[in-house]
Structure formats: structure tokens, C-alpha cells
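Chain by chain, the residues run as shown.
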Amino acid sequence: MRLVLTGNYAAAYAAKAAKVEVVSAYPITPQTQVVEKLSEFIERGEMNARYIRVESEHSAMAACIGAAMAGARVFTATSAHGLIYMSEMLWWAAGARLPIVMGVITRAMAPPWSIWSDHCDLLSLRDIGWIIYFCENAQEVFDTIIQAYKVAENEEVLLPAMVGWDAFQTSHTAEPVDVLSPDEVSKYLPPRRPLPYVIDFERPFTHGSLCYPDRYMEFRYLMDLSMSKAKKAIVEADEEYGDLFGRKYGGVLEKYLCEDAEIAVVTMGVLSGDARYAVDILRKEGYKVGLVRLRVVRPFPSSELKKELKSKKLVCVIDRNISIGRGGILGTEIKALLKNSSANVVNVVAGIGGRDVSYEDIVNIVKRSLDLVEKGEVPEYMWYSIDKEYVVKAVGEYYEPPAL
Amino acid sequence: MESKIKFDLITPISYPGEGSAGATGSWRVFKPIIDREKCRKCLLCWLYCPEAAIRVSEENYPEIIYEYCKGCGICANECPVKAISMVEE
Chain L
0 MRLVLTGNYA AAYAAKAAKV EVVSAYPITP QTQVVEKLSE FIERGEMNAR YIRVESEHSA
60 MAACIGAAMA GARVFTATSA HGLIYMSEML WWAAGARLPI VMGVITRAMA PPWSIWSDHC
120 DLLSLRDIGW IIYFCENAQE VFDTIIQAYK VAENEEVLLP AMVGWDAFQT SHTAEPVDVL
180 SPDEVSKYLP PRRPLPYVID FERPFTHGSL CYPDRYMEFR YLMDLSMSKA KKAIVEADEE
240 YGDLFGRKYG GVLEKYLCED AEIAVVTMGV LSGDARYAVD ILRKEGYKVG LVRLRVVRPF
300 PSSELKKELK SKKLVCVIDR NISIGRGGIL GTEIKALLKN SSANVVNVVA GIGGRDVSYE
360 DIVNIVKRSL DLVEKGEVPE YMWYSIDKEY VVKAVGEYYE PPAL
Chain Z
0 MESKIKFDLI TPISYPGEGS AGATGSWRVF KPIIDREKCR KCLLCWLYCP EAAIRVSEEN
60 YPEIIYEYCK GCGICANECP VKAISMVEE
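Protein sequences, first through last, are from chains L and Z. Residue numbering for the first sequence follows numbering that gives the first Met the number 0, beginning at 0 and increasing consecutively. Residue numbering for the second sequence follows numbering that gives the first Met the number 0, beginning at 0 and increasing consecutively.
In short, the hints are calculated from the structure, not lab data. Certain hints may be false.
Capping the alpha-carbon separation at 27 Å, the derived lysine-lysine pairs in DSSO-like fashion look like this [said to hold, decoys possible]:
#  : chain 1 : residue 1 : chain 2 : residue 2
1  : Z       : K3        : L       : K186
2  : Z       : K30       : Z       : K69
3  : Z       : K40       : Z       : K30
4  : Z       : K37       : Z       : K81
5  : L       : K228      : Z       : K40
6  : L       : K374      : L       : K305
7  : L       : K231      : L       : K18
8  : Z       : K3        : L       : K231
9  : L       : K287      : L       : K306
10 : L       : K309      : L       : K228
11 : L       : K305      : L       : K228
12 : Z       : K5        : L       : K231
13 : L       : K228      : Z       : K30
14 : L       : K306      : L       : K254
15 : L       : K247      : L       : K338
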């Protein structure tokens, strides 16, 4: 069935198609429509699920943990401050190895107050043991949420999964979306298998009580081991989805015109569409450019990225996030991967707080990055489109970090 | 199909058991002594004991399990008829 849906409505339809049994969430811009739509489905009896209303995101995740511990398939969604408020519970969900799936509609953190997209909220939680997907458009949001359950519930994995998409540009933009019915999806995603660890009143247990240094480390090791297995599960889940429903996304990475490329642009999320268009323009001008779109941040596709990028002349990583005092988060990771290769990595921080990054900007970024590589003047990282006059007015000078 | 993954080994799950932290009674400085003459068997002490170190006897009297009682004194504080005294070890 083809419907015109925003990214947020696509997420709600995906949770419905995945036969989610419990939803608990607290509304926050730009996530609100996801849970509005879900509560509507549940209220109308179109979805056989319980909606647990809570007073905060911390409680929303606590309710999700309880429901998942009782064996239910669980969904929630949040953004920015809601996500960070929830963050303590995110550790509990991961450590309890509960296959919860959560939509994260990325939004810049305050202050200054902002409702527009960047990826700092989501990426600041990259080290806690959640699988992290990131989508480009509404169709991919729909497909990825269903795939995420398949991966999270895989017994070799058993880790929760976040599925990210950008505020407004994806969350509120309506596009044609091919929506699968719960019956169609059940061919791909069977009901969550009741594992022996669900809450059993006949055999009560305590979860997460004190663990001494002689055993704690093994639990973290086992999470890391499962996360490494998640990569194969992600690729297989994507392949199987493609075989059944005709859409797949390249597993952990999507590649566009990479084969003969000397320059690779690396992006994540909605600006990848503009990047693809920029690649087309640059190709017409004679530049051998390709695009690598990260679809998964955890597990980090290290070997796949290394294979793809190590022999490029220029790897231009566009980060819609900033680790203050270090640079772009993806750029930092990719530089570490390529340290012993001949590839020149230019890390550009752009689109922070929802600032638009057009295809023209990306063409400009690539040309100027190439220029820096040719001059041998590649800095650690650069900010794109900074108003230098404002900076000088504010602090009297402008020097580092460099701004393109 | 039997799963090879043992959930109670990949997550920190513990099943209830007696005294998993050892004989905590050795931590005690003050020892609660119940005076059965005064005790009205209301069992508030049993309810309030944070360590579940009070059991109920066949005659329905509370009994301190000295092997685990840390001597916090909550039972003595809660007892409505002051039937529990704290005596230095």
C-alpha cells in the first residue's frame, strides 16, 4: 500500500506493521507525531498494543524495560533533551540485553534552544551498547524499524536499537512510502520468541544487582561480542528484507558511484540526498567522486569503510555533529581507521543546529577540500559556513578551529 | 529449538538466596534483644527489617536471625511497645 507519509508517520506505521505490543513515550518536538499516530492506532483498536503514559522520558524507557523484560515487543521514540533525560535508563536497557527499538529524531541540544536537526544528541550516546542506525528518508525509516527488530531480537545479538532520522527534513517531510501490512511483515519478522529470561513469578530474579570486579568485565565483553555479531545480522536482515519486499540499503553502508572514485564524500542522514546530487554535478564537471552513506554507526562498519576508503585521494567526511574540542565524531573515527593509508581525510563540521547544507554547499566543500589536500594544508577539522564577523564581534578575534 | 545463549549468564541476573553477601551479623555493634514479656506479636519489626533478618516463630513471635542482623536498630525504633532493646556487643 502506497501512502504519502512523513518520516514520523512512517515510523508509526512501521511499529504497527512490526506488531509492537507496548508503546511508552513522552512527547517532544520533533518526535511528537510518531507517538500521536501510535496512540491513535491503539485507541482505534487498529493495533493490539498497550500505550503506557508516563511523566518523563526516563520513565518511558523504564516502562519499556519492564515491558520488554516481560516478553513484549516494545517501541518508543524521542529527541534531544528527552533522549538525554532518558540516558541512564538506556544503559539499563542495553545491560539487560533487551531488544527494544527506539526512534531518535535528531535535534540540536540547548542552549541556545533549538528544535532543528543535528546529530549531537544521538551520537553522544554511541558508547552504551545500543545498535545505532541512521536513515535518509521516510521509506528507509519504515523499512529500518522493521529490520531493527529482526536484528535486536536475534539471539546472537540481543541488544536494543536506535533508529535515527533528522528533525523536520525527514520527520515532517511527506513522501510516498510503500507501507507493508502486519501480515506481510510477519513473513519476515515472527513474533518475539519467548526466551527463558522473561519475568516469571514462579522463579523470581533480580536483574543488575551488584557485580564485583572479578565478573563485571565479562558482561561488557559479552556486549561487545554481541555487537560485533550484530554487523552480520544487520547485513543479513537487510538482504532478507530486500528479497521479500524489494528494498535494501546495502547493509551497513550505502555506496553511490564509488567504484572508480578518487574522492569519497562520507555522510549520514538526510543531507546524503543532497550529497548524491552534488556527486552527479561534480561527475559532470569531471571529478571522480562517489558517496558513502553510513547507515549504521554502532556496530561501526570499520572494515567496510576501510576497504572502501583506504585508496582514495580525498575522503571528505561531512559531520552534522561536533565533539567540542575534538572535531566531527565520524571524521575522528574514520581518520583513526585510515591512519596508515594514503587517503587524505578532510573532516568538515556542517549543518549544526539545523543549518541548511545544500547540494551547492557540498560541491563547494568537496572542491575546497581538494584544494587543501593539493596544498598539503589539511587541518584536524573544519567548521563550514561560520559567520566570521559574528565571531570577531563576540570575542575580538578569529583563528582556530579553522572555518571554511 | 534450545538456544545456546544462556540469558542468566549474559546478563547480571541473580536468584534469591540466603545470605549471598556472607554472614553480615559480624558487622553488628549493637544487638537487638526482644523481650517476649512486652512483645504483642504485631510483627512491625519483621515488616520493617531491611535485611529480612527477622523470622516469625511457630508461636508467632518475631525472632532475630543474628547470623545476618547488622544491628541497624530499625526494629527497636519501630516497636510500638519498646520490646526491643539494643545492647552493645
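Going down the list of hints, with the structure as the test:
no.: 1; hint: Z:K3 / L:K186; verdict: 24 Å, holds
no.: 2; hint: Z:K30 / Z:K69; verdict: 8 Å, holds
no.: 3; hint: Z:K40 / Z:K30; verdict: 19 Å, holds
no.: 4; hint: Z:K37 / Z:K81; verdict: 8 Å, holds
no.: 5; hint: L:K228 / Z:K40; verdict: 58 Å, violated
no.: 6; hint: L:K374 / L:K305; verdict: 24 Å, holds
no.: 7; hint: L:K231 / L:K18; verdict: 24 Å, holds
no.: 8; hint: Z:K3 / L:K231; verdict: 18 Å, holds
no.: 9; hint: L:K287 / L:K306; verdict: 18 Å, holds
no.: 10; hint: L:K309 / L:K228; verdict: 24 Å, holds
no.: 11; hint: L:K305 / L:K228; verdict: 18 Å, holds
no.: 12; hint: Z:K5 / L:K231; verdict: 21 Å, holds
no.: 13; hint: L:K228 / Z:K30; verdict: 54 Å, violated
no.: 14; hint: L:K306 / L:K254; verdict: 12 Å, holds
no.: 15; hint: L:K247 / L:K338; verdict: 31 Å, violated
Hint compliance for this structure: hints 5, 13, 15 are not met, and every other hint is.
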